[in-house]
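Make a model of the complete structure from these sequences and hints.
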Amino acid sequence: MSASGPVVVLGASGYLGSHVLRALLAAGHREVRAVARRPALVPPGSGIEVVRADLTEPGAAAAVVTGASAVIHLVADIDHTGGRGWRTAEGPAARDVPADPTLVAVLAALAERRCPVPVPVVWSGSVTQVGTRSNARVDGSEIDRPETGYDRRKCRAERLLRDAGRAGHIRAVALRLPTLYGPPAADGCPAGGGVVAAMVRLALDGEPLTLWNDGRITRDLLHVRDAATAVVRGLNVVASGRAWPVGGDSPVELGELFAQIAAVVATVTRTRPVPVQRVPAPEFATAEDLRSIEVDSAAFRRATGWAPRVGLDDGLRATVEHEVEARIAVR
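Residue numbers for the sequence shown follow the working numbering, beginning at 8 and rising by one.
Don't take each hint at face value.
Now the in silico label distances, taken between C-beta atoms and shown as ranges [what the hints assert, rightly or not]:
(1) Asp151 / Ala118: 19 to 27 Å
(2) Ser299 / Gly52: 12 to 20 Å
(3) Ala336 / Glu214: 37 to 45 Å
(4) Ala70 / Glu260: 42 to 50 Å
(5) Trp219 / Gly175: 44 to 52 Å
(6) Asp320 / Gly222: 14 to 22 Å
(7) Asp151 / Thr274: 38 to 46 Å
(8) Ala336 / Gly222: 29 to 37 Å
(9) Gly52 / Asn220: 21 to 29 Å
Hints were generated in silico from the structure; no laboratory data involved.
Cβ coordinates follow ideal geometry from the N, Cα and C atoms, glycine included.
As structure tokens, this is what we get:
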């Protein structure tokens with residue numbers, strides 16, 4: 008990436024976005040524009056330009072990408088059906104929604120700029136987009152067969168990104184991320200959702216951790232700090248248009264994960280571990296909920312030199328310690 012101008016981060020006030028801002032600074036980027044509905048919390052003296060904007064408003068997308076040397080699209084697009092919590096609602100409304108309107112607006116604005124050198128656009132999708140598959144391992148070579156409204160929406164957005172790349176308007180870099188976990192970027196920044204955060208909070212409340220079926224389903228977990236560095240490395244990807252699965256490359260069975268969370272919470276709080284209870288999967292569980300997934304990041308590693316740095320043991324302990332400190336602070 009050599010063009011002058013700021014790296015524009017859309018969704019900069021979110022869980023991943025706030026980490027990406029700090030990863031950009033660590034990588035030497037000095038011109039950064041942080042865009043979000045609510046003002047992003049940035050490191051003091053960082054020089055990051057903070058812009059508050061609603062990208063669904065006419066002209067807003069064009070305004071915030073003005074002069075951009077690159078765009079990182081992290082705008083949350085998780086639940087447009089009225090659901091709440093870390094699980095995404097499913098139903099007719101989730102299946103029929105159009106592609107992410109903020110991405111549509113951003114791509115249109117960049118197309119109108121007619122830059123002589125395509126601007127890199129790094130977009131965050133999900134490893135679950137692949138949907139139905141013959142085995143647990145995902146490396147980006149699979150044919151997508153998304154099953155949920157969330158994954159269909161992500162696939163639709165990714166196709167728009169690829170089309171813009173083929174048209175020469177942008178350099179399209181679609182990252183597919185797994186479950187993220189880890190503490191917020193700084194005090195006041197958003198905490199993460201997801202199964203790890205949910206189980207940590209349950210364990211700290213002294214509640215049993217409910218495990219569906221036999222607990223042998225595997226998940227690939229990625230520390231949010233490693234995810235942020237992957238996003239920044241994505242700016243330098245030369246090949247446009249393909250999907251890049253990015254993961255921790257250390258899949259763990261959910262039964263083992265829940266037991267480890269209970270043990271870490273017990274160690275940090277000096278209490279007894281809460282029990283892990285196995286129960287039948289509920290009716291609302293999706294096929295993806297009951298399917299293992301293991302991410303093969305080899306292609307992205309070769310293209311960027313990136314590798315995850317935070318191990319699960321250290322990452323879980325830091326997550327638990329932060330949650331404990333946050334609870335003490337509000338007493």
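*Which earlier hints can't be squared with this structure?*
Of the numbered hints, 2, 3, 9 do not hold.
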